[in-house]
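Student: For the protein sequence lines, the chains are A and B, in the order given.
This note's numbering numbers the first residue of the first sequence as 1 and each following residue consecutively.
This note's numbering numbers the first residue of the second sequence as 295 and each following residue consecutively.
It should be emphasised that the hints constitute simulated quantities derived from the structure, not laboratory data.
Misleading hints may appear alongside valid ones.
[To be verified] FRET-style restraints, in silico, Cβ to Cβ:
no.	chain 1	residue 1	chain 2	residue 2	range
1	B	PRO569	A	MET182	43 to 49 Å
2	A	LYS282	B	GLU701	53 to 59 Å
3	B	ARG642	A	LEU9	46 to 52 Å
4	B	ARG486	A	PHE104	51 to 57 Å
5	B	THR365	A	LEU67	31 to 37 Å
6	A	GLY133	B	MET372	55 to 61 Å
Just so we're clear, the structure is a prediction, and the values are computed from it rather than from any experiment.
In this text, a Cβ means the ideal position worked out from N, Cα and C, and glycines have one as well.
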Amino acid sequence: MADLSPQLLALQLVTGLSLGAVYALLAIGLSLIFGMMGVVNFAHGAFFMVGAFLGVYFLGMTGSFWLGLVIVPLVTGLLGMVTERLFVRPLYGRGVDYPLLLTFGLSYVLIEGIRMLFGIEGLPTATPVQLRGAVNIGIGLFPLYRLFLIGAAATVIFGLWLFVEKTRYGLIIRAGSRTPDMVRVLGVNMSRIWLIVFGLGTAIAGLSGALAAPIRGVNPEMGIPVLAESFVVTVVGGLGSLLGAVTAGLLVGVVYSMTSLFAPDFADLSVFVLMAVVLLIKPQGLFGKSGYMG
Amino acid sequence: MADIPHNFRRRQVLVAGASALIASPFWFEIARADAPNIRIGFPTPLTGAFSAEAQDQVRAAQLAVKEFNATGGYKGRMAELLVRDDKLNPGEAASRTLELIEKDKVDFVVGSLSAATTLTVNNVCKDRKILFNSISQSDQINEASDWSLYTFHEALTPHVTAGAVARYAFPKFGKNVVYLTADYAYGHEMVRGFQRAGEPMGMKTLADIRHPLGTTDYSAFLPRIQALKPDVLVLCNFGRDLLNSAKQATDFRLKSTTKIITPVLLYTARQAGGPEAFEGILGGTSYYWGMEDTIASARAFNNAFRKAYDGAVPSDYGALGYAGVKSVLQAVKDADSTESLKVSIALRQLRYDWYKGEQFYRKCDHQSVQSVVIVESKSTVMKDKYDVFKILSVEAPDEKNLRTCEELGHAVTRT
Numbered sequence: 001m002a003d004l005s006p007q008l009l010a011l012q013l014v015t016g017l018s019l020g021a022v023y024a025l026l027a028i029g030l031s032l033i034f035g036m037m038g039v040v041n042f043a044h045g046a047f048f049m050v051g052a053f054l055g056v057y058f059l060g061m062t063g064s065f066w067l068g069l070v071i072v073p074l075v076t077g078l079l080g081m082v083t084e085r086l087f088v089r090p091l092y093g094r095g096v097d098y099p100l101l102l103t104f105g106l107s108y109v110l111i112e113g114i115r116m117l118f119g120i121e122g123l124p125t126a127t128p129v130q131l132r133g134a135v136n137i138g139i140g141l142f143p144l145y146r147l148f149l150i151g152a153a154a155t156v157i158f159g160l161w162l163f164v165e166k167t168r169y170g171l172i173i174r175a176g177s178r179t180p181d182m183v184r185v186l187g188v189n190m191s192r193i194w195l196i197v198f199g200l201g202t203a204i205a206g207l208s209g210a211l212a213a214p215i216r217g218v219n220p221e222m223g224i225p226v227l228a229e230s231f232v233v234t235v236v237g238g239l240g241s242l243l244g245a246v247t248a249g250l251l252v253g254v255v256y257s258m259t260s261l262f263a264p265d266f267a268d269l270s271v272f273v274l275m276a277v278v279l280l281i282k283p284q285g286l287f288g289k290s291g292y293m294g
Numbered sequence: 295m296a297d298i299p300h301n302f303r304r305r306q307v308l309v310a311g312a313s314a315l316i317a318s319p320f321w322f323e324i325a326r327a328d329a330p331n332i333r334i335g336f337p338t339p340l341t342g343a344f345s346a347e348a349q350d351q352v353r354a355a356q357l358a359v360k361e362f363n364a365t366g367g368y369k370g371r372m373a374e375l376l377v378r379d380d381k382l383n384p385g386e387a388a389s390r391t392l393e394l395i396e397k398d399k400v401d402f403v404v405g406s407l408s409a410a411t412t413l414t415v416n417n418v419c420k421d422r423k424i425l426f427n428s429i430s431q432s433d434q435i436n437e438a439s440d441w442s443l444y445t446f447h448e449a450l451t452p453h454v455t456a457g458a459v460a461r462y463a464f465p466k467f468g469k470n471v472v473y474l475t476a477d478y479a480y481g482h483e484m485v486r487g488f489q490r491a492g493e494p495m496g497m498k499t500l501a502d503i504r505h506p507l508g509t510t511d512y513s514a515f516l517p518r519i520q521a522l523k524p525d526v527l528v529l530c531n532f533g534r535d536l537l538n539s540a541k542q543a544t545d546f547r548l549k550s551t552t553k554i555i556t557p558v559l560l561y562t563a564r565q566a567g568g569p570e571a572f573e574g575i576l577g578g579t580s581y582y583w584g585m586e587d588t589i590a591s592a593r594a595f596n597n598a599f600r601k602a603y604d605g606a607v608p609s610d611y612g613a614l615g616y617a618g619v620k621s622v623l624q625a626v627k628d629a630d631s632t633e634s635l636k637v638s639i640a641l642r643q644l645r646y647d648w649y650k651g652e653q654f655y656r657k658c659d660h661q662s663v664q665s666v667v668i669v670e671s672k673s674t675v676m677k678d679k680y681d682v683f684k685i686l687s688v689e690a691p692d693e694k695n696l697r698t699c700e701e702l703g704h705a706v707t708r709t
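Isolated chain B, as found in the complex:
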């Protein structure tokens, strides 16, 4: 500020003061009555084990809101993101969502990051007939018992992710497989996904070893895996569990005989864990910023994100936050309404390419049909701190990789 003339600064203060007056609650109420903001509730675990992912979701979602507002919003109405911390707790997520709907009068809900919280958020939204676009991996949310016309699922499902990794890895590395699985819904859903995809390939499960969620020392499980000599070890766990088990499997030198794969290899997890722990490990993800080399929308999204956040690149879950909000706001324009039901109908018709190529929501369960990226963690020749994965393959979006509508219990409505 030193080089700015003194009187100019004073003028700035005056201008700021005047604008503060204009923006004071009194005026604001009038302005709102005129064109109320489109309010999007965003419950996500800002604290807890997935906080890094959640914070990136928020950053990217805010970018989507900013872009919507910069292009004039919907009939002059601006969008607004109301972020709440669900603390990774299903009960907390339900009460925050209820509060968002009843007290803050949100029009839509986007968010969540855990199979358990996303189901409770969905339940609250379903009861109140508010559209919810889930950006958390879950199989159950698509099943008829949990699903409603107001339920959308922007994220991948464990079934599709595990299936894509299995289809890539099993033919390459061998048929004898051991699972080391975190003993809760996520782990079980992932194992089921791998086994379903592996069955036609003649894949053989040597053992499915279940470990308690949050185990810190895996050494007691590793000698047995060593003795089984599998071709592939699948780590069906997440976050710190994945980090610790991967690291300790490396210490036991399992990698010399066995390929270690994991259904979900996240950008944020790799950043937190460092190159040593994940060296050579292969996994699936919904997005990696390196896709910008071949996909124009990825480049545009990355550049917008870089510009907004100091050169940082968006993570996979971040990108889901972006797409989740972007789809809903696009549907508001398409529907020419902010009513959840009308927006839901518009979303069902939407074909979009926000950041990773063409996507659409399957009619029967509103699952976003999308590509899966298979990546391998780099430990050498990294250009900068963002350069952590090598893209091995991209599985194109295909409805046949999803569980069928019949299997999920939906009365078949294909149109």
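With the rest of the complex left out, here is chain A:
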């Protein structure tokens, strides 16, 4: 390629990392729920989509993008907790495919619900005024909003890590995910833990949706590719591993970005090739340990 320069390579790398930050953010919600509860949440993409719609809706109502970023995770988190309490809880103790099928069906219910509420065409979105345009990052122009996304993703991921690793509550969650019976014997209400974990996972999914809305546009089907993307990242990183989700997210972003530069036709494929290679070498994923986040 004649137009290849170090600047372009560097910019492509940064683009990959910013894509990766979004992938990581998408994957940790999925990974959290699986790691703690052994539930594969196939409605993850649908919660992402609901979050995006709510973000645009609250923006229209309150006029503030930032307020939306606070309200949206609360609403999708609550929606997740209701889902856990009413639908997922009765399935504990059965095979892993029961909640998988349930959440798969739920994703279609959510998509149809949004279609009924907001119509089938989606909503127009705009980048918040303060974050419009591009800035020169030394190697070229890069959109301000995408820089903000990297920061936002890092903040959420770091916050989650602090919560899981450094708080008493996180300790209970980690212990509970490994030996729920022992923790229950010690007098901890495991049902409540699972309720909170599920809510936390869907809250992050919703927040990701609200954050992605200004870039991707908002429509009822937007969560479908997201489920596949976050699944690949989760599998590459190792199911249930927070560190794995972050590493794999960045890796997938960079691989996708670099393939787009040299062979755009194979960009989508490259991500799945990466997954296949990782699984051949490390069937557990890069940081996979069964059963808990760490």
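Add chain B to chain A, keeping to what the hints say.
Tutor: Frame of chain A; chain B shown alone:
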């Protein structure tokens, strides 16, 4: 209803009851045997990515039917539109069309909105010798291998649309061009159209970057385009792909050095995407309601549409639904028949001006020869929510902008 006297309401109920009795199936059968309706099948993607466009097609087509019936129909026979959802799926479109022909006994088929579905609908109609007027952009439908005497193409072709945009934009904005293309037939046909038109102008393709259909994040393609510094970036994609790529190119501030153009800039897409995403983007379309300032038939059509649909204005694809039905019904009168073959012969002779100025179907491939409107998206000084485009230019209808009959593989029949 509160201000209407009580006994009057009761009378209304009685009248309604009596008319219901008259309209009951028993009477209806007799009436139909007398003068059966002219039935037009209308397969279109009511659900899926193009639903906004499809719903407007239906609204405008119904307007054409209403106008035909209001003027007495054809020898007292009324027209009737049978709308079916093809779900943007070629297989679904074929089975719905087959059903319309075999079960519902439609006389003609008008509709479709995707290069893939329009070809399968055409195939079914061709086999059953039922006249089909396609209102979807497609190059292939005019080619000898797909075409038949029963095939008409009301919509523009990618070749003509892309050509018109190229002829307008390349001399103005520069010769170095990058394409960002959705990797399927529509995208490829559009690139080919641009390159054919650009060649004589000395246009240079710096890169043709293909992205998978339905890509949501285009950031990975944009640094390279930024580094290539093209004069013009052509987005050869459609619907949500166009919306997302346009928006993200704006975020990367490509517009400061590069003019972004797209072959087809739709009214409905601009409405859905909002002003920010499309700001300053230029593209082609078959119709924009603002043409009413200079074209009388456009004004008449808009006003009829406004009256029927709460002040809304028709979209480009909507207008095609209107014209598609209107032409066929006019040809029924001209042919003095509802037989597809006779109506086809009448359509070949038709010169019409339904909504955008004079049009006619080219003899060899039944392509409607028509104008192309070049528009630019507005983001400031908009009068109301309908005021989204500025008309930059209208390329007059001209057969020489079409691919030649020979190129399409037709034995030349120019008369």
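Student: May I ask you to test the hint 46 to 52 Å on the CB atoms belonging to B:ARG642 and A:LEU9?
Tutor: violated (58 Å)
Student: Please check whether B:PRO569 and A:MET182 have a Cβ separation lying inside 43 to 49 Å.
Tutor: For A:MET182 against B:PRO569, whose Cβ atoms are near 59 Å apart, the range 43 to 49 Å is violated.
Student: Should the hint that B:THR365 and A:LEU67 are 31 to 37 Å apart at their CB atoms be regarded as holding?
Tutor: Violated - the Cβ-Cβ distance for B:THR365 and A:LEU67, about 56 Å, lies outside 31 to 37 Å.
Student: Range first: 53 to 59 Å. Now tell me if the beta carbons of A:LYS282 and B:GLU701 are that far apart.
Tutor: With a Cβ separation near 56 Å, A:LYS282 and B:GLU701 satisfy 53 to 59 Å, so the hint holds.
Student: Starting from the hint 55 to 61 Å, judge whether the C-beta atoms of A:GLY133 and B:MET372 obey it.
Tutor: holds (57 Å)
Student: Between the beta carbons of B:ARG486 and A:PHE104, is the distance compatible with 51 to 57 Å?
Tutor: The hint (51 to 57 Å, Cβ to Cβ) is violated, given that B:ARG486 and A:PHE104 are roughly 41 Å apart.
Of the numbered hints given earlier, the model fails hints 1, 3, 4, 5; all others are met.
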